[in-house]
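Turn these sequences into a full structure, and let the hints guide you.
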Amino acid sequence: MKSFIQNLNAILEMLESVEHEINLAGYSLTEKKVFFTIVQLTAKEGSCNITDVINDSNLSRSTVYKAIKKLEKNMLLRVKQSSYDKRESYLTVTS
Amino acid sequence: MYFSSRFKDFILTNLMLYFFAMGVWSLWSYFAFVGLERMDWQGSLVYLPHGIRVLGICFFGLKSLPALMAAELTGPIFINPEQYMGAWSIASIASLVSVILARELVKYSQSNIRGSIVGPINFQNFRLLVLVIILSGLFNSISANLIISYLAPSVNLDPIVIGRFFIGDVLGSLVLILFLSVTFTSLRLNKLASPSGK
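Chains U and G supply the protein sequences, listed in that same order.
Going letter by letter, the first sequence gives residues 409 to 503 in this note's numbering.
Going letter by letter, the second sequence gives residues 3 to 200 in this note's numbering.
Calculated from the structure, these hints are not laboratory results.
Keep in mind that a hint or two might mislead.
Computed footprint of chain U on chain G, listed as stretches where at least three residues anywhere in the stretch have a Cβ under 8 Å from a Cβ of chain U [said to hold, decoys possible]:
id : region
1  : 55-68
2  : 95-109
Label pairs and their calculated CB-CB ranges [said to hold, decoys possible]:
id : chain 1 : residue 1 : chain 2 : residue 2 : range
3  : U       : 502       : G       : 129       : 46 to 56 Å
4  : U       : 438       : G       : 154       : 49 to 59 Å
5  : G       : 95        : U       : 473       : 51 to 61 Å
6  : G       : 14        : U       : 463       : 18 to 28 Å
7  : U       : 496       : G       : 154       : 18 to 28 Å
8  : G       : 152       : U       : 471       : 17 to 27 Å
9  : U       : 488       : G       : 185       : 26 to 36 Å
10 : U       : 447       : G       : 160       : 30 to 40 Å
We treat Cβ as the ideally placed atom computed from N, Cα and C, and that holds for glycine.
Written out as structure tokens, the structure is:
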């Protein structure tokens, strides 16, 4: 019979495997916050740009840029330059 | 010595599960009842307590039954005594039996299939857990509604309510597991869970 600690460890292993499956493992809390902010803004407004994420998350521009770069590199996000304003980029979550 | 260790294990498992279950009951009652005028019955579409039944029975086995049963009885009385009394308490026994039945069915059905999509057969593999959630939700929605309509004549057997129970159990369990997964993985990744920082 497994002990209490072994059972608890089995639950933690299962929870970790779920986290790996949804592909958010290995990200810091800040990167997760940026990702969830983008998801929420997209759900609310239909689309969002980097400035919206900075304003909504209260994180610095460089932190948000770094997080977006990593999320884009891992194909969780798509960054598309605005056709009206070349300085602005729209963010979409890849499905 | 051996019995003392097993007894300690039993007490620890049940205490931990009971307090955790009561925490989840409080959280769920907030969704289900606090905003009743806005949400109506929609709170039952994410029935978080079913997740505790599944986690408890799949990972701790039958020794978790005292804690789960105590939570089933005291959770609703503690939070909203007018909503769940009498027949609901008996229906909660059927809910626990549904999870045990689903667990045994999944273990049995997978016993001879190599390379199955939901293998290997251990509950660290969350695909197997999802299968238990779906099956137990199905069994629970039918059995609990049958018992309630039999014991409480004022409640009619309604296919929409059965469907709502099924969706509520499945969604509730998945939401609970996802929430725990994100919470514990974040704690570990940010070195808040381990004193050694590993």
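Inset, instruction - Would you pick out the hints that fail for this structure and give their numbers low to high? - result: Hints 2, 3, 6, 7 and 8 are the ones this structure does not satisfy, whereas the remaining hints hold.
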